[in-house]
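A.B. asks: So the chains spell out like this:
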Amino acid sequence: MAVTARWDQVVFWYGCNMARHGEIIRLVTQILRAVGVDAAPAGGPAHCCGSPQEASARIAGGMASRTVEKFNATGCGQVVTWCPSCHMNMDDFMAPVTPPVFETRHITELLHARRERLRELMVHPVAARAVLHSHAGFNGRVPVNDLVPDLLRLVPGVEVIDPGLRVPGHMCSAISAVPGVLAASQRATLDVMAAAQADTLVTVFHSCHRETVALERGRNFRVVNWIHLLAEGLGLGYEDEYKIWRNAEDPRGAIGPERIAAAGDVAFERLVEPELRRPPTV
Amino acid sequence: MGPGTGLADHIRAESTRLAAVCTSCGACVRACPMVAYAPGVADADAVAVVTGVLDVLRDGPGTPEALAWIGGCTRSAVCTPVCPEPMDPAMMMRLANMRARGALGGGAQIPVKQDPGWSARVKAFARLTMTEEEQAKWL
Chain A
0 MAVTARWDQV VFWYGCNMAR HGEIIRLVTQ ILRAVGVDAA PAGGPAHCCG SPQEASARIA
60 GGMASRTVEK FNATGCGQVV TWCPSCHMNM DDFMAPVTPP VFETRHITEL LHARRERLRE
120 LMVHPVAARA VLHSHAGFNG RVPVNDLVPD LLRLVPGVEV IDPGLRVPGH MCSAISAVPG
180 VLAASQRATL DVMAAAQADT LVTVFHSCHR ETVALERGRN FRVVNWIHLL AEGLGLGYED
240 EYKIWRNAED PRGAIGPERI AAAGDVAFER LVEPELRRPP TV
Chain B
0 MGPGTGLADH IRAESTRLAA VCTSCGACVR ACPMVAYAPG VADADAVAVV TGVLDVLRDG
60 PGTPEALAWI GGCTRSAVCT PVCPEPMDPA MMMRLANMRA RGALGGGAQI PVKQDPGWSA
120 RVKAFARLTM TEEEQAKWL
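If you're matching them up, the sequences are chains A and B in order. When we follow numbering that gives the first Met the number 0, the leftmost residue of the first sequence carries the number 0, and every step to the right adds one. When we follow numbering that gives the first Met the number 0, the leftmost residue of the second sequence carries the number 0, and every step to the right adds one.
Looking at chain B on its own, in the form it has when it is part of the complex (with noise of 0.2 Å):
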């Protein structure tokens, strides 16, 4: 098994593993305090979007409704406890998100904001804010 490999083959089985439990009811799609912010989700069918998660986490296109949300997850976790199934919703969301991002290749199907200055703006602000000799404890 190569480096990273683990990650993905863990992103593909918690995948199939919570897309068979979810019954598509909709609970935690009406329980999103996001939804207000991810376009044609608040008038769309909860049922429906839900499907379309399912979707994503099956490899599939998903819907754009399906989409939206799981581009505005920002992990509330408020669906957590209203699931009824024995899963984590939030979890759900996040495989999904991170499938949706392309993170098992094939592409993105959100946008992807990533910052490529990540980490020389991290190492920059430690030599503001940090000793050398912290610095190279710490860092």
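Isolated chain A (complex conformation) (with noise of 0.2 Å):
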């Protein structure tokens, strides 16, 4: 499908993975358009970046093409990644071979850029002794682990803190192929949580929020994503499902029958159960 995009917005090509959190695409496009960008989210398959593919560069750099080119047929001037393979994929296979008419920006570089205007804005309170899930990888592309930070610390009362921890890989869904490293690095991650007397962890990116919000079971602490902390000191409302769904003794019960159907029984039964069932890495 066409990208809806005018050539007067931004896109905002949030990934594929990001499905799976609907309310942080539409916080996002909802605190861009209040520092005054308005933003026309694009992502899943047909916006793929080619990463699922890449064992075959023929089907990867179809996929890759097509979504260059479909960008580019929408006029849009800049291209606002938030998934941190698309973005590289696109600075590494994209651009180089399908060459694209737009800029392409990180979310966090154009939020932390709009930071003043960000501030006036923050009204509401957040209690929050926070921890930032941080990687390695990307940082060097996109400093993320300093510009996350910078944006937490515009949210009144909340304090963020760095223990230095940076796990391996680019984000989660990375390390989580490798056997033991995942299970390593959440070990590493609460120790320092306990360390810090932290009662908040954010997330940077979707992949880690996937795989680290079933650290809260039976633990004294919560689990967000920076989006979400920064939407609560904007007063935006929202509801993290799939952490819920995810947290849940019955996701089943939890989602409810007529969203069930509406997804599709076997697709939700084959497809999306056994990802909300699998028990948490450590």
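Each computed SDA-like pair below joins lysine to any residue, with the alpha-carbon atoms no more than 25 Å apart:
no.: 1; chain 1: B; residue 1: 122; chain 2: A; residue 2: 45
no.: 2; chain 1: B; residue 1: 136; chain 2: A; residue 2: 76
no.: 3; chain 1: B; residue 1: 136; chain 2: A; residue 2: 235
no.: 4; chain 1: B; residue 1: 112; chain 2: A; residue 2: 54
Hints in this document: simulated from the structure, not taken from any laboratory.
Both chains are sitting in their own frames, so use the hints and assemble them into the complex.
C.D. replies: Quick look at the structure:
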């Protein structure tokens, strides 16, 4: 499907697996609008960077080229990224092969550049002693481990602690593919949370959020994405349904039969439910 | 040029370029946080490991240690700032990973973990978290 952006908007390219977190996409567009940026979200398999098909350059390259061509066709001058894989693929493989007519900027860079406007809008205090879940990777491309804490400090009441832990990889989906790494990183995260006496663990990327929300179970802290905290400071309502479903004893009951039917019973049973019922890593 | 041919050509060209710049000093291996999770790499000579990676970039079979390191790369990019040459070893590893997974044909040299349900799963979650209007506009 073609992107529905107008030339005077920016495209918010949220990636594919962010489809689990519709509220984050919604909140990003609301926050961007609040700082004067009109954004049209685009993502899913029809706007793929090619990453899931990298075992075939022919398939991955075709997907990537079609995505750049769709963005070019909008006439938008800027594509704002969320996913670090998409962002790096655009730089490394997509743009060199299919020249874009837009500039690419990460969402943290765009919001950080407009942080003074954002600061004026942060009128709702949020009590949080927060530790950022940080990876070593991607930060060399976009310094998210500095930009996100800067943005979080705009929220009145939020204290951000940097314990210096940098988990390997660029996000948790990468390390989850190597046995033992995700578990080791989550144990290290729990250690720094305890040492810092933190009550909030803040994720940066969607796959980290997906892998981390289950750490809440039986523990005395909450897991939020950085966008959630900004939204709370701005007074924007949201519900982190993925976290609710993932931590529910009965995900089916938490979602409800009508919504499951709308999603497709077979698809839910085969593709969604196993992920929601998967035991926590640690 | 057919669809996707451009990416294959780009992978080949970048592989050739980086393989020519790299001096196999081994600094990238020594800095890597994933070595401990890549069988045989911690005990291997770092120079030999990188030499094996360069072999993969040149269409060679590599070595077991090089393939283990390539397969264990999670894109931490800790190697990037320690490289003394004008190149990005993280990009070198990315290219080696794609080649070792068979991106250019000729079969995979390392296990390929692909999720055949990825696209359908993304769409199923979208149906749960997005309104019909949002799905029509955003997907």
